[in-house]
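Asker: Chain residues, written in single-letter form:
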Amino acid sequence: MTANLKAKIYITLKKGVLDPQGKAIKSSLTHLGFSGVESVRQGKFIEVELGDIDKKTAENQVKEMCEKLLANTVIENYNFEFICDQQ
Amino acid sequence: MTSLKKKPANNDGITPQIVSEHGLKPEEYKKILGILGREPNLVELGIFSVMWSEHCSYKSTRIHLKNLPTKADWVICGPGENAGVIDIGDGMAAIFKMESHNHPSFIEPYQGAATGVGGIMRDVFTMGARPVAMMNALRFGELSNNRTKHLISGVVAGIGGYGNCMGVPTLGGECNFHKSYNGNILVNAMCVGLADKNKIFYSAASSVGSPIVYVGSKTGRDGIHGATMASAEFDDESEEKRPTVQVGDPFEEKRLLEACLELMATDAILSIQDMGAAGLTCSSLEMANKGGTGIELILDNVPMREEGMTPYELMLSESQERMLMVIKPEKEKQARAIFDKWEVDFAIIGKITNTGRMVLKMKDKVVADLPINPLSDDAPVYERPYVKTSAEKTIDYNSLKAPKNINQVLKDLLRDPDIASKRWIYEQYDSQVMNDTVAASGSEAAIVRIHGTHKALAITTDVTPRYCFADPFEGGKQAVAETWRNITSVGAKPLAITNCLNFGNPEKPNIMGQLVGCLEGMSEACRALDYPVISGNVSLYNETNGVAILPTPAIGGVGILSDCNKKVLNGFTADGESIFVIGNTAGHLGASIYLRNIENREDGTPPPVDLSLERKNGDFIRSLIEQGLVTACKDITGGGLYVAIAKMAMKNNIGANLVIKSDIALFAYLFGEDQGRYIISCASKDLAKVTELANKSNIYIENIGSTYGSELNIAGEKVAVRELVDLYEGVLPDYIDL
Amino acid sequence: MRSAVIIFPGSNCDRDMYTTIEKITGKQSHRVWHADSKLPEGLDFIAIPGGFSYGDYLRCGAMAARSPIMSEVIKSAKKGLYILGVCNGFQILTETGLLPGTLMRNRNLKFICRTVNLQVANNDSSYTAGYKQKQVIKVPIAHGEGNFFADSSTLQEIEDEGRVAFRYCTQDGKVEDQANPNGSLNNIAGIFSKNKRILGMMPHPERASDSIIGSSDGKVLFQKLLGAA
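Residue numbers (the numbering used here), protein chains in the order written: chain A, 413 to 499; chain B, 70 to 807; chain C, 8 to 236.
One should not assume that every hint holds.
Think about it this way: if two alpha-carbon atoms lie no more than 27 angstroms apart in a straight line, the pair counts; the simulated DSS-like pairs of lysine-lysine are [said to hold, decoys possible]:
(1) K45(C) <-> K720(B)
(2) K467(A) <-> K418(A)
(3) K145(C) <-> K410(B)
(4) K287(B) <-> K420(A)
Source of the hints: derived by calculation from the structure; they are not laboratory data.
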């Protein structure tokens, strides 16, 4: 069964990799008065519209996209979900 | 322009409210009716409104700008084209201009500054020049103002982000802070390019029947200011369609640059113009108006980024990274292949006609039909009333209390953000890409070698707004003179200037008076120094809540160094060298940094500029440099002589023993901002020769000491150069990074 | 000695690179477009220059590394060709896996352009044989993402195998944090492949090959290498 699918892909830094951007954000939040912030990690959000496709094929394709290009697997993890594209 | 609250009464019925929302006055609208012989439709009204806006028509300043000196034997093209062109010898030309992007940078500092850089680069490469240097003149509010940190971080990151990605070195500029810029920052970007002097491309499109080609980024709704007349009401969807901040794409522009330069190496291009302010409207109209021809555009063919774009949006969009060109019809395939290689959109969107009219078609219907000549040439010209700035009182240093500790004053001045090191800024710019940078930020003038030769261009930007505020005429003179001095200080011959006039609301007579005064001063200096204006830009309405910026006519100067090995930099180079000051010191403290910092006053007349003395002293300095007699040179500016000495010492950590023999008070001598002066160092063996040459040419020269050790020593008071370095370098990092 | 410089959309330092090579060898260097499917015949040396290939979008060098020509470059590497990646070129080499680790955003989050001191960490290679071991040279950097990172086992391997080519150091050659401009682990400024024929470095040796524009310490690298290849 196919549908117009849109992949929402989250690329995040692996645990243990230093994140200077996250650190700077945490510092700014603290300065703004948000005292309870324990940590901030910054990642990337990528949306890919796949058109009319079945879910299994879509999953395989997006996994390959992440492995081959979208994530640097040396330092990044990825996960994704699909939504039905209304357009 | 404010956004419409409700749909117009009839489709395209022009109401007075719509006219005023387009920034047009009733009498201007009447003029339009007279030109057309009928009512315009909305698209046509939009076109008139942008062409007759201050930004495109220069209506407040045109009558004054035409008095600027723009000619010299080495000027190939003065103001009127995308940028100015000068002959620099050996078949080469330098093409340059400065432009402002003030208001967008206040709203979105990174993108405002970035797109400013992109825009000025296009102005230069559209004429066939590969950009080889960027400079910038920045003004921010006080450090204590709560937006300043955010603005300076964003602007500097944006300039670096765009310029570095384009691979053009950013070589320097200036950065000042003052409370008058709290609500209106200034971001002026200057670009210099090099071209074969016989291969300059102009915008006039005269070849009837030739195709008009659009290249570059797709067109979106960027920069259309709220007047989205095409959509009916404002609901959630319309919200998304509303004007977006212009976001620059330097990667697109880099590919566009390379594709254009590759095409320019062939003979395919007849005329070319970049799409800047007022996008497709202004560029197509300019091309046809200059060529005395007409244009027909098929808007359906314009590459679009969004769905459902209307003719109005397509004509008024200010999407970045786009050019318009007219090519030889038989060269279309060759041209398209080049743009395909660089993956840049290439679309034929119309043709040049002989009707003298601009005809726009979409979906086979004529959506606008306007006469071109009146649109450009009948734009309103205002003779705004103006009132000259009333004279300040001269300040006699004898009326001031002498400071207790000269070196403490020095430290205070070195900590002034205007004077302090700008390393925090310039290390975010790639100053070395293209491998021809001989000297960059921190030098009196940037020096960039002309690729493949021993010659170099010397480039600088300067203006002292507090002088312009005190006396616009003297301030305008001084701005030009200082750039001339900067270029001279490195051993180069000044050739021509560009300028960016940043002022408040010209509808106020006192502001208009500042503008007129500065222009008159600039003109006088340009004439006396043989240093014409070849391009420029005006930015008005820089004021918030009635508070205007200081009048800031930023000058960008370019000169030529015939042998870059003969250049001179501005740091002491060795121990035991003689230090001279060229030019007399009277101890002028009016409108000085000393007065502002130490006495907390911003009044007083600015130091007067004697142009014939400037010329005499400068020509002398250049001849000394040419003879290899100078080891370091710096012209004296804000903070005066002692600040200049300190900067020369801090460069290479070489101190000096200073012996001042003068009748005037020491603090006035050391911190006075008298103009037309230079500090030079020379080998002790050349001391006699330099003195003799000065005397022969009737040049005022004083031996004020010699370089020595690692301290500045004056009248028995010492301060370690390293201590000064820590203060001087620490100001911006401590402010921004902490 | 036949050399080539790869040009990607967004490369900026290609002209600087081939001009430097040509000045030293007296011979023209091939300019190879990223979309070409084949490299010129008989190459000995490939340079991947600095710049902002693909605008640095997604990750620096990520898209360039997947360009058609790069699969040929990878094949050449297997054949033992000399490959130099400078700045964006280094980033591209790590993205292809020809060199280990990755270059991340500078720890102070800003682009930095300045001349730094580098310690020649290992002069046992065709690139560095012209320098003395631990010699301090001056070479400019200009990057926003030069922070070298590798996981601890990879880092250990690089160090143990003597594959660090250059480290950021003080004027006196001390490898200290204060001399580290971008946060790179172990102050690493450049590394070799296992066979030491591939060198990736963030500083720009082609910008240090002409004293009028700053330093000529980088010239030695090219002279030695282009003599060897």
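Asker: Now look at each hint and say whether the structure bears it out.
Answerer: These are the hints, each one checked on the structure:
1. As the CA atoms of K45(C) and K720(B) are separated by approximately 50 angstroms, the hinted pair breaks the 27 angstroms bound.
2. For the proposed pair K467(A) and K418(A), the alpha carbon gap of about 10 angstroms is at most 27 angstroms, so the pair holds.
3. Distance hint between K145(C) and K410(B) is unfulfilled; the C-alpha atoms sit about 38 angstroms from each other, more than 27 angstroms.
4. A distance of roughly 25 angstroms separates the Cα atoms of K287(B) and K420(A); the hinted pair therefore holds under the 27 angstroms criterion.
In summary, the structure is inconsistent with hints 1, 3 from the numbered list given earlier, while agreeing with the others.
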